[in-house]
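Asker: Each chain, letter by letter, is given below.
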Amino acid sequence: MAESVAHQHVARAGATGRRRRVFKDGKGWLFVGPFLAVFALTFLAPIGYAIYLSLYRNQAFFGGTVFVGLDNYTQALQDPKFWEAFARVAVFLVVQVPVMLVLALLAALAIDSARLHAAGFFRIVIFLPYAVPGVVAVLMWGYIYGDNFGLAANLNDLLGTTAIQPLSSSWMLPSIANIVTWEFVGYNMLIFYSALRTVPGELYEAAAIDGAGTFRTILAVKLPALRGAIVIATIFSIIGSFQLFNEPNILRTLAPNVITTYYTPNMYAYNLSFAGQQFNYSATIAIVMGVITAVIAYVVQLRGSREAL
Amino acid sequence: MKSQWRRVRQLVVAGTALTALAVVAACGGGSSNDSASGGTTTGSADAVDAALKAGGEITYWSWTPSAQAQVTAFMKQYPNVKVNYVNAGTGNDHYTKLQNAIKAGSGAPDVAQIEYQALPQFALPGSLVDLNQFGFSQYESAYTASTWGAVHAGSGLFGLPQDSGPMALFYNKEVFDKYGIAVPKTWDEYVAAAKKLHAANPKSYITNDSGDAGFTTSMIWQAGGQPFKTDGKNVTINLQDDGSKKWTGMWNQLVQGGLVSNIPGWTDEWFKALGDGTIATLPTGAWMPGVMESSVKAGAGKWAVAPMPTYDGQPATAENGGSTESVIKQSKNPALAAAFVRWLNHDEGVKPFLASGGFPATTADLKDPAFVDKASAYFGGQKINQVLTSAAGQVVKGWSYLPYELYANSIYGDTVGKAYQSKSDLNAGLTAWQEALVKYGNEQGFQVNG
Amino acid sequence: MSALTSPLRPKRSKLLTGVMVLYLLYTIVPLAWLLLSTTKTQDDLLSTPGLWFGKSFAFFTNIKDTLTYNDGIFLRWLGNTVLYVVVGAGGATLLATAAGYGLAKYKFAGRRAVFAVLLGAVAVPGTALAVPTFLMFSNLGLTNTVWAIIIPSLVSPFGLYLMWVYATDAVPGELLEAARIDGAGEVRVFFTVALRLLAPGIVTTLLFAMVSTWNNYFLPLIMLSKPNLYPLTVGLTQWSNQATGVGARPIYNLVVTGSLLTIVPLVVAFLLLQRFWQSGLSAGSVK
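Residue numbers (the numbering used here), protein chains in the order written: chain U, 1 to 309; chain P, 1001 to 1450; chain H, 2001 to 2287.
Treat the hints with care, since some could be wrong.
Under the rule of at most 25 angstroms between Cα atoms (straight-line distance), these lysine-lysine pairs were calculated in the BS3-like manner [what the hints assert, rightly or not]: (1) P:K1203 to P:K1423; (2) P:K1332 to H:K2226; (3) H:K2064 to P:K1297; (4) P:K1297 to U:K81; (5) P:K1418 to U:K81; (6) P:K1423 to U:K81.
Chain H side only, calculated, beta carbon under 10 angstroms to chain P, not exhaustive [as the list claims (entries may be wrong)]: (7) F2137; (8) T2143; (9) I2222; (10) P2250; (11) Y2252.
Each pair of labels, with its calculated beta carbon distance range [as the list claims (entries may be wrong)]: (12) H:L2035 to P:W1266: 21 to 27 angstroms; (13) P:K1185 to H:R2249: 29 to 35 angstroms; (14) H:L2083 to P:N1084: 20 to 26 angstroms; (15) P:D1373 to H:R2249: 25 to 31 angstroms; (16) U:T161 to P:G1257: 21 to 27 angstroms; (17) U:R303 to H:K2226: 43 to 49 angstroms; (18) H:F2057 to U:V99: 54 to 60 angstroms; (19) P:D1231 to U:G64: 18 to 24 angstroms; (20) H:V2146 to U:T253: 27 to 33 angstroms; (21) P:N1084 to H:V2146: 15 to 21 angstroms; (22) H:L2075 to U:R303: 46 to 52 angstroms.
Just so you know, these hints were derived from the structure itself, not from any lab.
Ideal Cβ positions, reconstructed from N, Cα and C, are used throughout, including at glycine.
Let's have the full structure, built from the sequences with the hints guiding it.
Answerer: Next comes the structure, spelled out in structure tokens:
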């Protein structure tokens, strides 16, 4: 009874135009407020402080702190170490992100397709790598990439060569890309999968009635439904790639001469802060990196999403 | 309904204001180098004993394996003193937290373990309490000359030595016997042994070196080099002095000749390599036996200890590693903290430390026959401490670390690492390292010549 | 096309399964290493090949040792982690869901700005913000407390984006409108209508928040210096670092076993939550 009344209301409301569906008097703040409050404390305040820090220079031993204005920024923009690190993560991003997202997409489609035996099993095993804590990663990849006693060594022996050296400087970036892909395909797959789970059954029925086969269904029904999820996954993968830190840091103990303290921009900022106590310059690098990343991510978001956002 | 969102908006505004306040507070506080609280600069020898009697509570940060046992024993002996023992991490993790707490002005412990190479970095900006005020200079005779020097920065005394690490040559006797290699007494003999070993077994190396700043500085030390000199604000860096060149002249033969393994130290593969003969010797500090006994079980009975090879055949060695415990300026009870340091490294605390496998810095223990003549089962029954304690007396004098040695070590791989990577001249690597260190020092307010 | 193999009820494909198995192998090799390593003693870890068993089967001994080492501090760390995850990830999901819903379903001034600020903030590398955050929290007296971990983990920008996109698609405005006309306040509309529709997205957000809080390492490392407040990640790393330096006492076997034990609750959570991933929840309601 209440249902049909509600439907009549809907019909009437729809007739009077779109006005009543959104509120212009700020009720949205009720829901967004709590998030923003904590966000301000945990993100905006430190960033504000970092911007403040980047305008000064502190001499850790003698001489104290001095206002230098934008000097740190000019130094950063001319810093060969920073640009070397930046070029590296840019190359990494261009190759690794598409590979990883395509794999994740294929996995999600496969698992959602109901054509897979034991889909649930696949789902959880592919997700597992993301759950493995970082502390074991050194031991684990140290074994797999170890060319003296590890798996790489065994493969070399098997093939009678010494060519497989995952921790050498020419192989290092692909080795890191492999670790990141292994870790995050499951993560991205789940994003796509849960988006696929919202597709209403009628759409599939309609497609079937129209005579669409599997691939046409994917192109016409599933991919459009995934559009938002693909955009988020891309944006956050881009941000994650620019902020690459954990994986090279883990491999640093295994290959200290290949992975320098400025191997990625994030590592550079980290080591400036914690090894060199150069907090001001570290903050500068972080801000510069943040701006570049934000611009690129914003562009991706604009091109990828619908007008509603 | 309107009041709902208005209240929320008020909360958001309040939250932002609070955040702004927090930012201002953060900017205001904690930016000075010496902290405001704790740490009077006057004291006396009596103050220490008085503090022990009066009792109190202190916090102790350390990663020494015997620390918990020591703390328990201390609290048993002095029931009215409570020591909160915290393992805040090993090495750099520990230093990071310590530096953060010092910078923030609160949260630092009363007593913290600090390695000799890191001591100047904390002492110079005034973060540590000078123990001269408590009359600790009277304990000089209890320690070896090199460790006593290591706990000083300038004229200040900042700790009592906990242990020492005079270097010796640990070698795999089984491997040496197998390939007919004699124990090298000079570095020339060492290089020859390296060639012979690698030729006989391409999978075996005389030692590993993937670029270890601590090892390099100790080797330059042994060669008589004094690359780092500090005098207040003035720092001189010369990594191409006679001692440095002497070492690189010899070590280049090994690196450029591909005679050293590139397995990094303290990794899984390294422990394995030590156990199965892939790495045949380790020139390293006297604390190594404890490590081998607990971590390289596969090598039991195969290894032995000999004095370090030298350039001219005369005994000479350097220190590698070792730490002290220092009192942090933030401490609210520096006299009690100093009393604890004295107990740990001068009085009854030394015994539990030695029992856990530590190598002493105290001359009495270094001369104690029970210690010196102990036969080590791991080292095939050899009385290894005879070699190690003599080494303690053969340390070359006159060495000092940089005031920012931790930073220097962190960028070693960036600079000298390239030489190891491409098996090229170490001198070029050292020069690059020097340039980076000069630049950093000047940025931090020193006057660096180099 | 027969009714038995229409796109709605397709035949299971062996080829597809075969291809997926190949990918599975790729995923499993490192995990196999992990599992096999937990069955070895410390000595076996160093002396036996990585992808097969050791000389003795020490799985249960390792578990016992992990749980009792150092007076059972592992259990303390486990308890801490559970606290941080329940409060942190739970709170994060709630905040992200509410905020995503707000951004998707309400037009208000500043909505675009929120979006831009959020993206900008997330784009700044977090490791460089660690020291400012530490100094700030130190001045607020929050370092070395559970709040230093929980408060930062309440913000999940990724969760916000996910819920934003999700809410835009999954919650039809008409339903909300209908509920409002019936007299429900905004909050009631949210809880009674929107939440059910958002369930699959909430589950995904919750799962991601749980994993990231569970594996949170860097900020706890900086903020905490009392070992009895450590989460499992920091504690296990401390055990791992016992293998380095003077007086080394490696306990890699406990580190590996501990890591396996930390994965288990996440797997359980995953299995429990996955039944909320149902399809077509909004199917029947907007006819």
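Asker: Confirm or reject each hint.
Answerer: Against the structure, the hints:
Using a Cα cut-off of 25 angstroms, the hinted pair P:K1203 and P:K1423 holds, with the two alpha carbons roughly 18 angstroms apart. The straight-line distance between the Cα atoms of P:K1332 and H:K2226 is roughly 19 angstroms, inside the 25 angstroms bound, and the hint therefore holds. Using a Cα cut-off of 25 angstroms, the hinted pair H:K2064 and P:K1297 holds, with the two alpha carbons roughly 23 angstroms apart. For the hint linking P:K1297 to U:K81, the alpha-carbon distance of about 43 angstroms lies beyond 25 angstroms, and the restraint is violated.
Pair hint P:K1418 plus U:K81 holds up; C-alpha atoms about 15 angstroms apart against a cutoff of 25 angstroms. Note on P:K1423 and U:K81: the hinted pairing holds, with a Cα-Cα distance of about 23 angstroms set against a maximum of 25 angstroms. Restraint check, H:F2137 versus chain P: the minimum CB separation of about 9 angstroms is within 10 angstroms; hint holds. Given hint, H:T2143 at the interface with chain P, holds; its Cβ is 6 angstroms from that chain's nearest Cβ, closer than 10 angstroms.
Hint on H:I2222 holds. Least Cβ distance to chain P is approximately 7 angstroms, under the 10 angstroms limit. The restraint placing H:P2250 at the interface with chain P holds, with a minimum CB-CB distance near 5 angstroms, inside the 10 angstroms limit. Given hint, H:Y2252 at the interface with chain P, holds; its Cβ is 7 angstroms from that chain's nearest Cβ, closer than 10 angstroms. Distance hint check: the CB atoms of H:L2035 and P:W1266 are about 25 angstroms apart, consistent with the given range 21 to 27 angstroms.
A beta carbon spacing of about 34 angstroms between P:K1185 and H:R2249 agrees with the range 29 to 35 angstroms that was offered as a hint. Hint check: H:L2083 to P:N1084, Cβ distance near 22 angstroms, so the stated range 20 to 26 angstroms holds. For P:D1373 and H:R2249, the Cβ-Cβ distance of about 26 angstroms falls inside the hinted range of 25 to 31 angstroms, so the restraint holds. Range check, U:T161 to P:G1257: about 23 angstroms between beta-carbon atoms, so the 21 to 27 angstroms window is met.
For the pair U:R303 and H:K2226, the supplied restraint of 43 to 49 angstroms holds, since their beta-carbon distance comes to about 48 angstroms. Checked against the hint of 54 to 60 angstroms, the C-beta distance between H:F2057 and U:V99 comes to roughly 39 angstroms, which is inconsistent with it. A hinted range of 18 to 24 angstroms holds for the C-beta pair P:D1231 and U:G64, which are about 21 angstroms apart. Separation of H:V2146 from U:T253 is about 30 angstroms and conforms to the stated range, judged on CB atoms against 27 to 33 angstroms.
Checked against the given bound of 15 to 21 angstroms, the beta carbons of P:N1084 and H:V2146, roughly 18 angstroms apart, stay inside it. Checking the proposed 46 to 52 angstroms range against H:L2075 and U:R303 shows it holds: the Cβ atoms sit about 50 angstroms from each other.
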